[in-house]
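Work out the full structure: start from the sequences and follow the hints.
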Amino acid sequence: MLQTLYPDEQFSIEEAEKRFMKENRPTSIIERLIRPEEIAEFVAFLSSPLSAEINGAAMRADGGLVRSVF
Numbered sequence: 001m002l003q004t005l006y007p008d009e010q011f012s013i014e015e016a017e018k019r020f021m022k023e024n025r026p027t028s029i030i031e032r033l034i035r036p037e038e039i040a041e042f043v044a045f046l047s048s049p050l051s052a053e054i055n056g057a058a059m060r061a062d063g064g065l066v067r068s069v070f
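1 is the number of the first residue of the sequence shown in the UniProt record's numbering; add one for each residue after it.
Treat the hints with care, as some may be off.
Claimed, not checked - List time: in silico DMTMM-like cross-link candidates among lysine to aspartate or glutamate, alpha-carbon distance up to 25 Å:
id, residue 1, residue 2
1, LYS18, GLU37
2, LYS22, GLU53
3, LYS18, GLU41
4, LYS18, ASP8
5, LYS18, ASP62
6, LYS22, GLU9
7, LYS22, GLU38
8, LYS18, GLU31
9, LYS22, GLU37
10, LYS22, ASP8
11, LYS22, ASP62
What the hints assert, rightly or not - Ranges of calculated distance between the beta carbons of each label pair, as one might list FRET restraints:
id, residue 1, residue 2, range
12, TYR6, GLY56, 26 to 32 Å
13, VAL43, GLU15, 26 to 32 Å
14, ARG19, ALA52, 16 to 22 Å
15, ARG19, ALA61, 19 to 25 Å
16, GLY56, LEU5, 34 to 40 Å
Hints listed in this document are in silico derivations from the structure and should not be mistaken for laboratory results. Quick reminder that beta carbons are idealized off the backbone N, C-alpha and C, glycines included.
In structure tokens, the structure reads:
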């Protein structure tokens, strides 16, 4: 994805990610893109007995990108 956003630039993946986050996701708490492994861990948790008390909730895995007020 990052390579298609900056096709004419000579950035490393890490530099492109930092630039993308700064320009497009400045409110992100973790200041990086979420990794596929993290989504897999989230899904595994929600599918496990450890999440038995969670039901009827909309869960979001966005790295803190979307601001919420509780």
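Quick rundown of the hints versus the structure:
Our distance criterion of 25 Å between C-alpha atoms is met by LYS18 and GLU37, whose separation comes to about 19 Å. Of the supplied pair hints, the one linking LYS22 and GLU53 is violated, its CA atoms being roughly 36 Å apart against a limit of 25 Å. At most 25 Å may separate the alpha-carbon atoms for a hinted pair to count; LYS18 and GLU41 meet this at roughly 24 Å. Between LYS18 and ASP8, the direct Cα distance comes to roughly 17 Å. Compliance with the 25 Å bound is thereby established for this hinted pair.
Taking the CA atoms of LYS18 and ASP62, the gap is about 16 Å. The hint holds against a cut of 25 Å. Of the pairs offered as hints, the one joining LYS22 and GLU9 holds, with about 16 Å between alpha carbons and a cut-off of 25 Å not exceeded. In summary, the hint linking LYS22 to GLU38 is supported, as the alpha carbons are separated by about 21 Å, within the 25 Å threshold. Distance restraint check for LYS18 and GLU31: the Cα-Cα separation of roughly 8 Å lies within the 25 Å cut-off, and the hinted pair is therefore satisfied.
With a C-alpha separation of about 23 Å, the suggested pairing of LYS22 with GLU37 holds against the 25 Å cut-off. Annotation: proposed proximity of LYS22 to ASP8 holds, straight-line Cα distance about 19 Å (limit 25 Å). The straight-line distance between the Cα atoms of LYS22 and ASP62 is roughly 16 Å, inside the 25 Å bound, and the hint therefore holds. Taken as a hint, the range 26 to 32 Å is violated for the pair TYR6 and GLY56, whose Cβ atoms sit roughly 41 Å apart.
In this structure, VAL43 and GLU15 meet the distance hint of 26 to 32 Å, their C-beta atoms being roughly 30 Å apart. At about 41 Å, the CB distance of ARG19 to ALA52 disagrees with the hint of 16 to 22 Å. Against the hinted window of 19 to 25 Å, the Cβ-Cβ separation of ARG19 and ALA61 comes to about 23 Å, which satisfies the hint. As the Cβ distance of GLY56 to LEU5 is approximately 37 Å, the hint placing it in 34 to 40 Å holds.
When the structure is compared with the earlier hints, violations turn up for hints 2, 12 and 14 and for no others.
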